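A.B. asks: All chains, please: the whole structure from these sequences, using the hints.
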Amino acid sequence: MNAFTLLEYAAWIISAGLGLWMLIDMVKVNSRFSEDVLLSSREGDIEDHLVIDPEHQRHR
Amino acid sequence: MSDQTTAYTAVHGEKISLLRVLGPGHVWALGVGIVLVGEFMGWNFAVGKGGAQAALIACWVAGLLYTCVAMIDSEVTSTVAAAGGQYAQAKHIVGPLMAFNVGLFLVMAYTMLEAGNAITAGFLIQTVAGMAGFEAVHDKPFIVLTIVALAWLNYRGVFASLTFNLVITAIAFLSIIVLFLALQPWAPTLHRLDTLATGLPYGWLGVIASLHFGLWYYLGIEGTCQAAEEVRSPARSLPLGTMTGMITLLIAATLTWWICVGLMPWEYLGQAITPLFDAARLTGSVALMVLLFIGTIFSTLASANGCINDASRAWFSMGRDRYLPVWFGAVHPTYRTPFRAIVFLVPVALVFALGAPLDQVITFSILSGLLGYTFMSFNIVMFRKRWPVGRIKRGYVHPLHPLPAIVLLVLCAATYFAVFLGYGTQLLAMMSFYIIASAWFHFHRYRYVRRGDQFTMPWPRPQGY
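Sequences listed follow chains E and Z, in order.
Counting from 1, position 21 in the first sequence corresponds to residue 20 in numbering that gives the first Met the number 0; the numbering is continuous, with no gaps.
Counting from 1, position 377 in the second sequence corresponds to residue 376 in numbering that gives the first Met the number 0; the numbering is continuous, with no gaps.
In short, the hints are calculated from the structure, not lab data.
Nothing here was measured: the structure is a model prediction, and the numbers come from that model.
Treat each hint with caution, since some may be false.
[Claimed, not checked] Simulated crosslink set (DSBU-like; lysine-lysine; CA at most 35 angstroms straight-line): (1) K27/E <-> K139/Z; (2) K14/Z <-> K392/Z; (3) K27/E <-> K14/Z.
C.D. replies: Following this line, the structure appears as structure tokens:
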């Protein structure tokens, strides 16, 4: 096994890890937040005072 | 459900939006980052189509086409500050069916380009492994890593991903400048432009044919508009970032042509995979080889990264307007990114990157881009007619209207002919795909669209209505 074979394995492992991370995070977010929150973005909104960050507000 | 895992529901008036955190530098990095890879690979197929001088003519003619694109886009986008870029423009100015098509053009152009970049990154690593004596290295793990890792970066936030683009794009651009200076244009020794820059081996038909790959010098600069909903000052940052990006690309394209044409005969250059890296190898300098390898790999990563950003914004915007399932219109509550659109497009890019040949992927990307540019030419005419200068506030007003629109339309027509000469079947296949998709949208999907909600710009009624 040479250095590039190791790099190939590392590439597969990192790809799988990052892909899984995104999927798990997406499932978590989908279950923790209701659709009306996640879909509340409106095109062209610039009213910053209306924009919230539930994740941070929760920990205030 | 009362514990920490309780679904968070919105209190009246609360929203989660994309974050406005980007400046003009990020806009520059998005536009130039997507395009600069075209100087490192792809543009040189124009040399194969019509010779070295034809490629230079194509470079400047395509430069003129894209200057028109940048000027027109800057004016319209400085008034339509919405993610989705040209999709949002089409929706407000032309109508829903055009908007659906433009959205698809954007997603296809950027996803195909992303796939092409990942293929190139895999090929580069394979090449380096071969040079180091490791012959049996596979490219697939590196193709998959490129797509998944950059999607992850985009998932985590737009500021980090475009700051990353800014750094690696600047390094890639500097590598071209360093190579140019190392070749000492003021005292040519190795460089033989006078003997290698031949005439037009296939005549003027070759010049027209070379326009196809001449687009590759600049393809994607219009992607800056996709950041409209995430820049702090769209009216200022978008025109500034786009126009400085265009200037950067014109300089990079001309230098690239000059470097490569003076070092390699056109018969070789016309089919080289990585012409700038090959040019560095011909200098015999290990330092330049390493620098240009880094420049090439950084440019492919920057391009793929920008493409993920743009394709996901277009997909997200179409979902938000219910042109596609509304599920795609979600924003991540922590990272403020269109996370579902980003994840959904990962397997799409992987299918093309692992299953399609590079030239087909590039051609489909170019064709989708070209359809988008054609739309821009009549979009600006309708925009000026319905909302003349002074009727609504613009961050930028492009000069000499309607000349840029006419020039753009004529150049698009010439490029369609050029594409037809080499890839007629793909051109017809792509047109068929968009016609079928349009029929699906018109007869099936449009019933789900909330027609009043999709027009969001606080513009006055169009003139004549």
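A.B. asks: Hint by hint, where does the structure go against what was stated? Just the numbers, ascending.
C.D. replies: none
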